[in-house]
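**Q** Chains as they are written, first to last, in the numbering used here: chain A, 610 to 862; chain B, 47 to 631; chain C, 5 to 132.
Calculated directly from the structure, the hints in this document are not laboratory data. Bear in mind the structure is a predicted one, so any value in this text is a computation, not a measurement. For each residue, glycine too, the CB sits at the ideal point set by N, CA and C. Incorrect hints may appear among the rest.
Stated by the list, open to error - Below are the DSS-like pairs computed for lysine-lysine, each with C-alpha atoms no more than 25 Å apart in a straight line: (1) Lys-104(B) x Lys-658(A); (2) Lys-658(A) x Lys-493(B); (3) Lys-645(A) x Lys-658(A); (4) Lys-138(B) x Lys-738(A); (5) Lys-740(A) x Lys-104(B); (6) Lys-138(B) x Lys-740(A); (7) Lys-844(A) x Lys-728(A); (8) Lys-645(A) x Lys-352(B); (9) Lys-138(B) x Lys-104(B); (10) Lys-104(B) x Lys-748(A); (11) Lys-748(A) x Lys-138(B); (12) Lys-645(A) x Lys-22(C); (13) Lys-731(A) x Lys-323(B); (14) Lys-731(A) x Lys-658(A); (15) Lys-22(C) x Lys-782(A); (16) Lys-832(A) x Lys-304(B); (17) Lys-832(A) x Lys-369(B); (18) Lys-323(B) x Lys-304(B); (19) Lys-104(B) x Lys-728(A); (20) Lys-645(A) x Lys-369(B); (21) Lys-167(B) x Lys-370(B); (22) Lys-352(B) x Lys-370(B); (23) Lys-76(B) x Lys-728(A); (24) Lys-501(B) x Lys-658(A); (25) Lys-482(B) x Lys-542(B).
Unchecked claim - Here are the in silico distance ranges between beta carbons for each label pair: (26) Pro-466(B) x Arg-703(A): 48 to 56 Å; (27) Lys-738(A) x Val-77(C): 57 to 65 Å; (28) Glu-104(C) x Asp-389(B): 46 to 54 Å.
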Amino acid sequence: MSDNRLGARQVELEVLRYNPDRDETPSYQRYSVPCKNEWCMLDALNYLKDHIDPTLAYRWSCHMQVCGSCGMMINGEPKLACKAMVRDYEGVIRLEPLAHFPIERDLVSVADDFMDKLKRVKPYLIPAKPKTLEEGEYKQTPAQMQRYRRFSMCINCMLCYAACPEYGLTKSKFIGPAAITLAHRYNLDSRDGGRDERQEEIATNEGVWECTFVGACSDVCPKHVDPASALQQVKVASTVDWYLEHFMSWNKK
Amino acid sequence: METFKADVAIIGAGGAGLRAAIALAQADSKIRIALISKVYPMRSHTCAAEGGAAGVVKPDDSYEQHFHDTVGGGDWLCDQDAVEYFIHEAPKELTQLEHWGCPWNREPDGSVAVRPFGGMKIQRTWFAADKSGFHILHTLFQTTLQYPNIQRFDEYYATDLLVDDGRCQGLTAIEMKTGQMRRFQARAVIIAGGGAGRIFPFNTNGAIKTGDGMALAYRAGVPLKDMEFVQFHPTGLPNTGTLLTEACRSEGGVLLNKDNYRFLQDYGMGPETPLGKPELKTMELGPRDRVSQSIWHEIQKGRAVKTTWGDCVWLDMRHLGEKKINERLPFVRDICISYLGIDPVAEMVPIRPVAHYMMGGIHTDLNAATSIPGLFAAGECACVSINGANRLGSNSLVEILVFGHRAGLSALEYVRDQKPGNDAALASQGEAAQAKLRALFMRDVGKESIAGLRKEMTDTMGEGVGIYRTAHGLTETCNKLADLRRRYADVALHDKTNVYNTDLLSALELGSMLDCAEAVAVSGLERKESRGAHQRLDFTARDDNKYLKHSMAYYSQTERPRIEYRDVVITTSPPGVRDYSGAKK
Amino acid sequence: MSRRPYVHEISRTAWFFKRPRYMRYMAREVTCIFIGIYTIILLVGLARLSEGQAQYEGFLAALRQPLSIMFHVLALAFSLYNSFTWFNVAPKALPIQVGEQFMPDSVVSGAHYVVWILLSIFILYWAI
Ligand SMILES: Cc1cc2nc3c(=O)[nH]c(=O)nc-3n(C[C@H](O)[C@H](O)[C@H](O)COP(=O)(O)OP(=O)(O)OC[C@H]3O[C@@H](n4cnc5c(N)ncnc54)[C@H](O)[C@@H]3O)c2cc1C
Ligand code: SF4
Ligand code: FES
Numbered sequence: 610m611s612d613n614r615l616g617a618r619q620v621e622l623e624v625l626r627y628n629p630d631r632d633e634t635p636s637y638q639r640y641s642v643p644c645k646n647e648w649c650m651l652d653a654l655n656y657l658k659d660h661i662d663p664t665l666a667y668r669w670s671c672h673m674q675v676c677g678s679c680g681m682m683i684n685g686e687p688k689l690a691c692k693a694m695v696r697d698y699e700g701v702i703r704l705e706p707l708a709h710f711p712i713e714r715d716l717v718s719v720a721d722d723f724m725d726k727l728k729r730v731k732p733y734l735i736p737a738k739p740k741t742l743e744e745g746e747y748k749q750t751p752a753q754m755q756r757y758r759r760f761s762m763c764i765n766c767m768l769c770y771a772a773c774p775e776y777g778l779t780k781s782k783f784i785g786p787a788a789i790t791l792a793h794r795y796n797l798d799s800r801d802g803g804r805d806e807r808q809e810e811i812a813t814n815e816g817v818w819e820c821t822f823v824g825a826c827s828d829v830c831p832k833h834v835d836p837a838s839a840l841q842q843v844k845v846a847s848t849v850d851w852y853l854e855h856f857m858s859w860n861k862k
Numbered sequence: 047m048e049t050f051k052a053d054v055a056i057i058g059a060g061g062a063g064l065r066a067a068i069a070l071a072q073a074d075s076k077i078r079i080a081l082i083s084k085v086y087p088m089r090s091h092t093c094a095a096e097g098g099a100a101g102v103v104k105p106d107d108s109y110e111q112h113f114h115d116t117v118g119g120g121d122w123l124c125d126q127d128a129v130e131y132f133i134h135e136a137p138k139e140l141t142q143l144e145h146w147g148c149p150w151n152r153e154p155d156g157s158v159a160v161r162p163f164g165g166m167k168i169q170r171t172w173f174a175a176d177k178s179g180f181h182i183l184h185t186l187f188q189t190t191l192q193y194p195n196i197q198r199f200d201e202y203y204a205t206d207l208l209v210d211d212g213r214c215q216g217l218t219a220i221e222m223k224t225g226q227m228r229r230f231q232a233r234a235v236i237i238a239g240g241g242a243g244r245i246f247p248f249n250t251n252g253a254i255k256t257g258d259g260m261a262l263a264y265r266a267g268v269p270l271k272d273m274e275f276v277q278f279h280p281t282g283l284p285n286t287g288t289l290l291t292e293a294c295r296s297e298g299g300v301l302l303n304k305d306n307y308r309f310l311q312d313y314g315m316g317p318e319t320p321l322g323k324p325e326l327k328t329m330e331l332g333p334r335d336r337v338s339q340s341i342w343h344e345i346q347k348g349r350a351v352k353t354t355w356g357d358c359v360w361l362d363m364r365h366l367g368e369k370k371i372n373e374r375l376p377f378v379r380d381i382c383i384s385y386l387g388i389d390p391v392a393e394m395v396p397i398r399p400v401a402h403y404m405m406g407g408i409h410t411d412l413n414a415a416t417s418i419p420g421l422f423a424a425g426e427c428a429c430v431s432i433n434g435a436n437r438l439g440s441n442s443l444v445e446i447l448v449f450g451h452r453a454g455l456s457a458l459e460y461v462r463d464q465k466p467g468n469d470a471a472l473a474s475q476g477e478a479a480q481a482k483l484r485a486l487f488m489r490d491v492g493k494e495s496i497a498g499l500r501k502e503m504t505d506t507m508g509e510g511v512g513i514y515r516t517a518h519g520l521t522e523t524c525n526k527l528a529d530l531r532r533r534y535a536d537v538a539l540h541d542k543t544n545v546y547n548t549d550l551l552s553a554l555e556l557g558s559m560l561d562c563a564e565a566v567a568v569s570g571l572e573r574k575e576s577r578g579a580h581q582r583l584d585f586t587a588r589d590d591n592k593y594l595k596h597s598m599a600y601y602s603q604t605e606r607p608r609i610e611y612r613d614v615v616i617t618t619s620p621p622g623v624r625d626y627s628g629a630k631k
Numbered sequence: 005m006s007r008r009p010y011v012h013e014i015s016r017t018a019w020f021f022k023r024p025r026y027m028r029y030m031a032r033e034v035t036c037i038f039i040g041i042y043t044i045i046l047l048v049g050l051a052r053l054s055e056g057q058a059q060y061e062g063f064l065a066a067l068r069q070p071l072s073i074m075f076h077v078l079a080l081a082f083s084l085y086n087s088f089t090w091f092n093v094a095p096k097a098l099p100i101q102v103g104e105q106f107m108p109d110s111v112v113s114g115a116h117y118v119v120w121i122l123l124s125i126f127i128l129y130w131a132i
């Protein structure tokens, strides 16, 4: 087998550089990198770092689209560098850190805000009926699992935050797609009883009501989590809650 | 230097580190836990595990079976008391994860489903689609978020342990966002730093798996145990090394040589099983070491498939059909198409064995304690040892849980009666660590490049310490590594920025890798027998008289490591023959 | 020296020009302005009706102005666009699970279209 389907070419990369020790503002730097067509953008960056410029900073680890480290803007779109294939791009390719996050350095963005938001939505099982280990596992049918499974696939890559204009425009007040989706994932879990606690965080103005359903999050999500869907479901559910509470007071829990 | 005080400091927030943190937090809400990791917890390499985690749950299974599969699979180099403990804890840990929300696949009645896995005689591998490690890691991470006494230090790189008065009392770490050195003073330290697969040129491991945790303990005087045992996984993508999970074969995929012949039957794993009907513990579901070794032999015999990425064999999944592949192996299909341009539904995929897992690691006892009081270790960086000479697929995701938990409880017990340390002594050790770092930072750009040395290291590991080894190859590699360690003293940074300096981290990681690599090569040279994953062409038989022993590598700053031996614990299973033929079933 | 994270300001007025998908979103949002105006016109018509026949005739005459016809054609087009975009995303907000499978999106949005067409036929029939 030969690699005739996988040629090689010289690729021009335009990379946003920012060194807080030295630079007032970020600026672009041009590199010419010999790339194989089977390479992903991360391979190109690793080549660049090893052979051309060891000072370039970016995050990566797994090289298999699962650790969520390598999110960046590629020609203005949020992408995983290990998923974006060089062969799918033409001309000069522009690499920038994820939009809407402060830039720590070069392609590295500050993730503190995202980490705080994850914590805020209580993304852990709050058991409806606590069980001891001796009592064995909770029963959960494949259908019950299917309800939330898709929303449990999020790798926390933050691409959806970089795509979401609301997150940018509210200067990151919006809790945002991935965190709300994760909360919803637990709300949908048949083993869980913590919905009320989570709704206090997510069914709010900084939560789901900040969302105007642009839908960009689902477009860019590399794992097909479909956060936009989760958010609309939360809206529907909390609207139902509101009606139950205000018009059917006898129905209160 | 800014100092943080904690009761227990944990280095590493992968599966093992997170499990230890939760164990501590649950046992005592007053105890202060510092969880230190060079990447955000969910980036840890546990997320890459696809296949699943083994634990006895089904009525047709038994602890004895799991015990024998593990001990035999490990070619009798496992400590049987550790295996005993491990198999009994395994189902508890997996159930615990279920209680924390892990989306294990289910049977129609809602109970947990299990799948077959290589080397296991009975189906006992719990799985969450082809993302088992990912779900384990995220479930653990998310669970830690409810404990206020777990304080996370994300993107802190641990550089040195602080050992005073014969006890480990903390560590120093670089805060990556500022580039500043921080001191962590703790009454106990748990190392959960993961494996070191990056010492090989062709591996399935993430960039972070550079053996830092092993190197920390090793340099502090704890021996590294059984380092020569490196697992080569049979099915890596030939260019990137990306793992194609064993589930490809347990779902029915088969291995073929260039003549489309299922060659495993020639290597004691026959007779051939019907296409699409895999049988446990034979043919394609034989243990990893045997399957990888058979591929090596096929390649030697000239029956390999030639590709631009080297000699391969075929993994054929076409007969599974598009529907099954999409349902059971969607990620595998994705990866083949992205990185290789091959769709496994329509074409055979070339694969070759790839360095995957370190059976060896920091020597610990059953309680996850090392030889330094106050220092504990768990996970892939540790060696208790339950994996012996060859780990069975799906045992290590359980190992990180069982022994992560154990390490947490042992540390808790230990700190209860520890007096506070000597601040001045620890501070001066911290200063020394900082001075060392500053020297590296300030050094003029030297002639040795990080990428250059790294490449020479991985090349020599690939040549001398691959699937089959010889005295000649191993000696060359040992010499080369000694030379590289010497030259490493001259390595210099191009990047002199404080903030997020990845050049600096690469240099430090290279240091860790060189130390681990040398322990692997020298232990390999000294073990003059073939056992499990350590196969010598010059000593082809297993030698229980001389080598039914653990190798213990002791660090030396200037010399190659000193190797000593330690008896294997045998309780009920005397060394026997590993039989993976399907004949008697 | 130490950290100094750089914050990129986003333009509050021009951000949606940056990507086609933001433009599509804006288009969807802008179309509701027309639907809003149409609703106001309808309300005005009702008010006129309540004021007596003469006023109502005047209102109807105004509706026949070319400008008004143009507006209504536009409003119809935009409201169709608006409805299509919403129907197409409806499955996201209201997924329907049957056993282990979710109904395909086409079924959920298809149901919306069917109900819509039936209602329209019903209203048209009733009006004529
Ligand atoms: C591709 C792949 C597939 C696998 N599939 C399976 C499978 O199906 N079943 C199975 O049982 N096993 C599998 N394994 C093996 C298993 O996943 C690993 O052995 C296990 O996840 C290791 O967990 P850990 O917690 O020890 O380390 P990791 O998850 O690697 O975590 C290491 C942690 O240490 C931290 N760290 C390291 N160095 C430093 C430092 N200097 N300072 C601070 N922090 C540091 C890192 O940040 C990280 O948080 C697979 C492995 C790979 C590579
Ligand atoms: S929802 Fe998708 S895009 Fe957003 S963080 Fe999760 S995986 Fe990334
Ligand atoms: S490197 Fe892990 S997702 Fe890209």
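**Q** Taking the hints in turn, state whether each one holds.
**A** Checked hints:
1. A distance of roughly 50 Å separates the Cα atoms of Lys-104(B) and Lys-658(A); the hinted pair therefore is violated under the 25 Å criterion.
2. A threshold of 25 Å between alpha carbons decides the hint, and for Lys-658(A) with Lys-493(B) the separation of about 17 Å falls inside it, so the pair holds.
3. With a C-alpha separation of about 16 Å, the suggested pair Lys-645(A) and Lys-658(A) falls inside the 25 Å cut-off, and the hint holds.
4. For the proposed pair Lys-138(B) and Lys-738(A), the alpha carbon gap of about 19 Å is at most 25 Å, so the pair holds.
5. Note on Lys-740(A) and Lys-104(B): the hinted pairing holds, with a Cα-Cα distance of about 20 Å set against a maximum of 25 Å.
6. Proposed proximity of Lys-138(B) and Lys-740(A) is supported: the alpha carbons are some 13 Å apart, at most 25 Å.
7. Between Lys-844(A) and Lys-728(A) the CA atoms are separated by roughly 21 Å; this keeps the pair inside 25 Å, and the hint holds.
8. A threshold of 25 Å between alpha carbons decides the hint, and for Lys-645(A) with Lys-352(B) the separation of about 19 Å falls inside it, so the pair holds.
9. Taking the CA atoms of Lys-138(B) and Lys-104(B), the gap is near 13 Å; set against the 25 Å cutoff, the hint holds.
10. For the proposed pair Lys-104(B) and Lys-748(A), the alpha carbon gap of about 15 Å is at most 25 Å, so the pair holds.
11. Annotation: proposed proximity of Lys-748(A) to Lys-138(B) holds, straight-line Cα distance about 16 Å (limit 25 Å).
12. As the CA atoms of Lys-645(A) and Lys-22(C) are separated by approximately 30 Å, the hinted pair breaks the 25 Å bound.
13. The hinted pair formed by Lys-731(A) and Lys-323(B) fails the criterion: a straight-line CA distance of about 44 Å is larger than 25 Å.
14. Proposed proximity of Lys-731(A) and Lys-658(A) is contradicted: the alpha carbons are some 38 Å apart, above 25 Å.
15. Of the pairs offered as hints, the one joining Lys-22(C) and Lys-782(A) holds, with about 22 Å between alpha carbons and a cut-off of 25 Å not exceeded.
16. Our distance criterion of 25 Å between C-alpha atoms is broken by Lys-832(A) and Lys-304(B), whose separation comes to about 35 Å.
17. In summary, the hint linking Lys-832(A) to Lys-369(B) is supported, as the alpha carbons are separated by about 19 Å, within the 25 Å threshold.
18. Taking the CA atoms of Lys-323(B) and Lys-304(B), the gap is about 22 Å. The hint holds against a cut of 25 Å.
19. Straight-line distance between C-alpha atoms of Lys-104(B) and Lys-728(A) comes to about 36 Å, which puts the hinted pair past the 25 Å bound.
20. For the given pair, Lys-645(A) sits about 32 Å from Lys-369(B) by alpha-carbon distance, which is inconsistent with the 25 Å threshold.
21. Restraint check: the Cα-Cα separation between Lys-167(B) and Lys-370(B) comes to about 24 Å, which is no more than 25 Å; the hinted pair holds.
22. Of the supplied pair hints, the one linking Lys-352(B) and Lys-370(B) is violated, its CA atoms being roughly 29 Å apart against a limit of 25 Å.
23. Between Lys-76(B) and Lys-728(A) the alpha-carbon distance is near 20 Å, which keeps this suggested pair within the 25 Å criterion.
24. Under the criterion of a C-alpha separation no larger than 25 Å, the hint pairing Lys-501(B) with Lys-658(A) is consistent with the structure, at around 14 Å.
25. The straight-line distance between the Cα atoms of Lys-482(B) and Lys-542(B) is roughly 15 Å, inside the 25 Å bound, and the hint therefore holds.
26. At roughly 54 Å, the beta carbons of Pro-466(B) and Arg-703(A) sit within the given window of 48 to 56 Å.
27. Distance hint for Lys-738(A) and Val-77(C): a CB-CB separation of about 60 Å, consistent with the stated range 57 to 65 Å.
28. Range check, Glu-104(C) to Asp-389(B): about 26 Å between beta-carbon atoms, so the 46 to 54 Å window is missed.
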